[in-house]
Amino acid sequence: MEKGKITNPLKLLLIGGSAGSLNVLLNVLPSLKPDLALCIVIVTHRKNTSDTLLEDLLSSRTTISVKEIEDKEVLQKGTIYITPPDYHILFENNGTLSLDYSEKINYSRPSIDVAFESAGVIYKENLTCILLSGANSDGVQGLIEVKRHHGVTVVQEPHTAATPYMPLQALHFMKPDYLLTPDEMITFINNL
Amino acid sequence: MIEDENIDLLMNDVFERYGYDFTGYSKASLKRRVSRLYSLDKFPSFAIFRHRLKNDESYFKRFVEEITVNVTEMFRDPSFYLALRNEILPRLGTHPYIRIWHAGCSTGEEVYSMAILLKEANLLSRSIIYATDINRDVLEKSREGIFPIANMKQYSENYIASGGRADFSSYYRANYDGVKFDESLSKQMVFSAHNLVSDNSFNEFHLIVCRNVLIYFDKELQDRVFEVFDKSLGLLSYLALGSKETIKFSSIQANYKQVGKEKIWRKVK
Chain C
1 MEKGKITNPL
11 KLLLIGGSAG
21 SLNVLLNVLP
31 SLKPDLALCI
41 VIVTHRKNTS
51 DTLLEDLLSS
61 RTTISVKEIE
71 DKEVLQKGTI
81 YITPPDYHIL
91 FENNGTLSLD
101 YSEKINYSRP
111 SIDVAFESAG
121 VIYKENLTCI
131 LLSGANSDGV
141 QGLIEVKRHH
151 GVTVVQEPHT
161 AATPYMPLQA
171 LHFMKPDYLL
181 TPDEMITFIN
191 NL
Chain L
1 MIEDENIDLL
11 MNDVFERYGY
21 DFTGYSKASL
31 KRRVSRLYSL
41 DKFPSFAIFR
51 HRLKNDESYF
61 KRFVEEITVN
71 VTEMFRDPSF
81 YLALRNEILP
91 RLGTHPYIRI
101 WHAGCSTGEE
111 VYSMAILLKE
121 ANLLSRSIIY
131 ATDINRDVLE
141 KSREGIFPIA
151 NMKQYSENYI
161 ASGGRADFSS
171 YYRANYDGVK
181 FDESLSKQMV
191 FSAHNLVSDN
201 SFNEFHLIVC
211 RNVLIYFDKE
221 LQDRVFEVFD
231 KSLGLLSYLA
241 LGSKETIKFS
251 SIQANYKQVG
261 KEKIWRKVK
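Heads up: the protein sequence lines correspond to chains C and L, in order.
Position one of the first sequence corresponds to residue 1 (the working numbering), numbered consecutively onward.
Position one of the second sequence corresponds to residue 1 (the working numbering), numbered consecutively onward.
Everything labelled a hint here was simulated from the structure, so no lab data went into it.
Backbone N, C-alpha and C fix where the C-beta goes; we use that ideal spot for every residue, glycine too.
A couple of the hints might just be wrong.
[Said to hold, decoys possible] Derived pair list, reagent style DSSO-like, types lysine-lysine, alpha-carbon separation capped at 27 Å: (1) L/Lys153 to C/Lys104; (2) L/Lys263 to C/Lys67; (3) L/Lys42 to C/Lys104; (4) C/Lys77 to L/Lys153; (5) L/Lys244 to C/Lys67; (6) L/Lys231 to L/Lys219; (7) L/Lys42 to C/Lys67; (8) L/Lys257 to C/Lys11; (9) C/Lys47 to L/Lys263; (10) C/Lys47 to L/Lys42; (11) C/Lys47 to L/Lys261; (12) C/Lys124 to L/Lys219; (13) C/Lys104 to L/Lys61; (14) C/Lys77 to L/Lys141; (15) L/Lys219 to C/Lys11; (16) L/Lys267 to C/Lys104; (17) C/Lys104 to L/Lys54; (18) L/Lys231 to C/Lys104; (19) C/Lys67 to L/Lys153; (20) L/Lys248 to L/Lys119; (21) L/Lys244 to C/Lys77; (22) L/Lys219 to L/Lys267; (23) L/Lys219 to C/Lys67; (24) L/Lys187 to C/Lys104; (25) L/Lys119 to L/Lys219; (26) C/Lys47 to L/Lys153; (27) L/Lys248 to C/Lys67.
[Said to hold, decoys possible] Here are some of the chain C residues that sit facing chain L, going by a computed Cβ distance under 10 Å: (28) Thr96; (29) Leu99; (30) Asp100; (31) Tyr101; (32) Glu117; (33) Ser118.
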């Protein structure tokens, strides 16, 4: 494959969140239309165990296929991918994903910043990133980078967030393209 | 972030000048690590960075250290070590002498974990563990067996979760902010530089452990490494990988059978 070129441009949606984001995901994802033309990747801070709570909960509520990312996975549209606990994810320029076990960033692995930044460089305007509820500022730097590469940035309306610190930090440091409530996210994603 | 073209330039320099080939490494990882080093060392321009790397061999050493990931812990994924303890070691114990290869051992935390398991199974004195890495500096650290005292609480919990019954602190002596693991453990270890990109099989083993190394390689290089491992494993020997790594879809898959739920395969053909 030619370097730096995506042969089949894939529309990618990354959703990052921490404390308080699980409920938003469980509310939004099952309401998405089943024939999504984009690929969704979820990056949340989870306990360092092999907990499959998120996959199990989601799988039971949506007909869209949900799977945990495997190393060198080829991303497909119409699928929701979940980042495994205790690994960063990095986007390759050939449509695959690599797992990474380097140092924690913002005390987090996976780090939302790492995922957003790495996707931003590759997917550029084909990328949308949503930052949800959370108690630290992971993801903010990532949103700034995504915006710099002409991706679309979305932040959860802080008053709808169980833990508003993360969305508030984002709003403090950058101006997202959209500020949405969980309900609005459903329509927004269905129209991407 | 440093541009793709510039990463390619650097990697060409490195290959021509030092003979290290990073072509098969994950592009995304290389880019991130090189960019990180570039800003960490505060180079005023890419050209100066490139010049330094090309002309200063000691800086190249630092480069290799920093772009390869050396994050590891003792008894990482305790359920994996529990499986080794209960399923694999008893079978290895039937050999008169046990040869184990830790490929990409980094600073050695998992090598010492293995030695503790062997000791507790009364197999250590007739085992030899070859621990290899591309990076000579981390090998030196492995040899010393000195780890930060701050990590011991986590390691001790991992040890217990991996089925350990002894007092974990009996394996080391605390000294200021580091602990030194007992030399009876390192006595059975052989440390040596080995580059999975270019070096070949050097012995036959009963167990090869290579955890969280292959994720930094592309598919092609992963396959190359699997071939090297396959050549280094006798029939009914074992290959153990990281919790998110697999031999599925590789060229050697047909000859191996997974043992239980952990990422451990046995060569059956």
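Verification of the hints:
1. Proposed proximity of L/Lys153 and C/Lys104 is supported: the alpha carbons are some 18 Å apart, at most 27 Å.
2. Between the alpha carbons of L/Lys263 and C/Lys67 the distance comes to roughly 18 Å, so the proposed pair stays at or under 27 Å and holds.
3. For the suggested pair L/Lys42 and C/Lys104, the alpha carbons sit about 21 Å apart, so the restraint of at most 27 Å is met.
4. Distance hint between C/Lys77 and L/Lys153 is unfulfilled; the C-alpha atoms sit about 43 Å from each other, more than 27 Å.
5. For the proposed pair L/Lys244 and C/Lys67, the alpha carbon gap of about 13 Å is at most 27 Å, so the pair holds.
6. About 19 Å separates the Cα atoms of L/Lys231 and L/Lys219, which keeps this hinted pair within 27 Å; it holds.
7. For the suggested pair L/Lys42 and C/Lys67, the alpha carbons sit about 40 Å apart, so the restraint of at most 27 Å is broken.
8. This hinted pair does not check out: L/Lys257 and C/Lys11 have alpha carbons roughly 37 Å apart, beyond 27 Å.
9. Between C/Lys47 and L/Lys263, the direct Cα distance comes to roughly 21 Å. Compliance with the 27 Å bound is thereby established for this hinted pair.
10. Annotation: proposed proximity of C/Lys47 to L/Lys42 is violated, straight-line Cα distance about 35 Å (limit 27 Å).
11. About 20 Å separates the Cα atoms of C/Lys47 and L/Lys261, which keeps this hinted pair within 27 Å; it holds.
12. The suggested pairing of C/Lys124 with L/Lys219 holds, with an alpha-carbon distance near 25 Å, which does not exceed 27 Å.
13. Our distance criterion of 27 Å between C-alpha atoms is met by C/Lys104 and L/Lys61, whose separation comes to about 23 Å.
14. A hinted pair counts as satisfied when its Cα atoms are at most 27 Å apart, and C/Lys77 with L/Lys141 does not qualify at roughly 45 Å.
15. A distance of roughly 24 Å separates the Cα atoms of L/Lys219 and C/Lys11; the hinted pair therefore holds under the 27 Å criterion.
16. Distance restraint check for L/Lys267 and C/Lys104: the Cα-Cα separation of roughly 35 Å exceeds the 27 Å cut-off, and the hinted pair is therefore not satisfied.
17. Restraint check: the Cα-Cα separation between C/Lys104 and L/Lys54 comes to about 30 Å, which exceeds 27 Å; the hinted pair is violated.
18. The suggested pairing of L/Lys231 with C/Lys104 is violated, with an alpha-carbon distance near 35 Å, which exceeds 27 Å.
19. Distance restraint check for C/Lys67 and L/Lys153: the Cα-Cα separation of roughly 33 Å exceeds the 27 Å cut-off, and the hinted pair is therefore not satisfied.
20. For the hint linking L/Lys248 to L/Lys119, the alpha-carbon distance of about 32 Å lies beyond 27 Å, and the restraint is violated.
21. Under the criterion of a C-alpha separation no larger than 27 Å, the hint pairing L/Lys244 with C/Lys77 is consistent with the structure, at around 22 Å.
22. Among the hinted pairs, L/Lys219 with L/Lys267 is consistent with the structure: their alpha-carbon atoms are about 21 Å apart, no more than 27 Å.
23. With a C-alpha separation of about 21 Å, the suggested pair L/Lys219 and C/Lys67 falls inside the 27 Å cut-off, and the hint holds.
24. Between L/Lys187 and C/Lys104, the direct Cα distance comes to roughly 33 Å. Violation of the 27 Å bound is thereby established for this hinted pair.
25. Between L/Lys119 and L/Lys219 the alpha-carbon distance is near 36 Å, which puts this suggested pair outside the 27 Å criterion.
26. Restraint check: the Cα-Cα separation between C/Lys47 and L/Lys153 comes to about 17 Å, which is no more than 27 Å; the hinted pair holds.
27. Straight-line distance between C-alpha atoms of L/Lys248 and C/Lys67 comes to about 17 Å, which keeps the hinted pair within the 27 Å bound.
28. With a cut of 10 Å, the hint placing C/Thr96 at the interface with chain L holds, because the nearest CB-to-CB distance is about 8 Å.
29. Against a cut-off of 10 Å between C-beta atoms, the interface hint on C/Leu99 holds, since the closest Cβ of chain L lies about 5 Å away.
30. With its C-beta approaching chain L no nearer than about 6 Å, C/Asp100 sits inside the 10 Å limit, and its interface hint holds.
31. With a cut of 10 Å, the hint placing C/Tyr101 at the interface with chain L holds, because the nearest CB-to-CB distance is about 5 Å.
32. A cut of 10 Å between beta carbons decides the hint on C/Glu117: the least distance to chain L is about 7 Å, and the hint holds.
33. Look at C/Ser118: its Cβ gets to within about 6 Å of chain L, closer than 10 Å, so that hint holds up.
Violated hints for the displayed structure, listed by number in ascending order: 4, 7, 8, 10, 14, 16, 17, 18, 19, 20, 24, 25.
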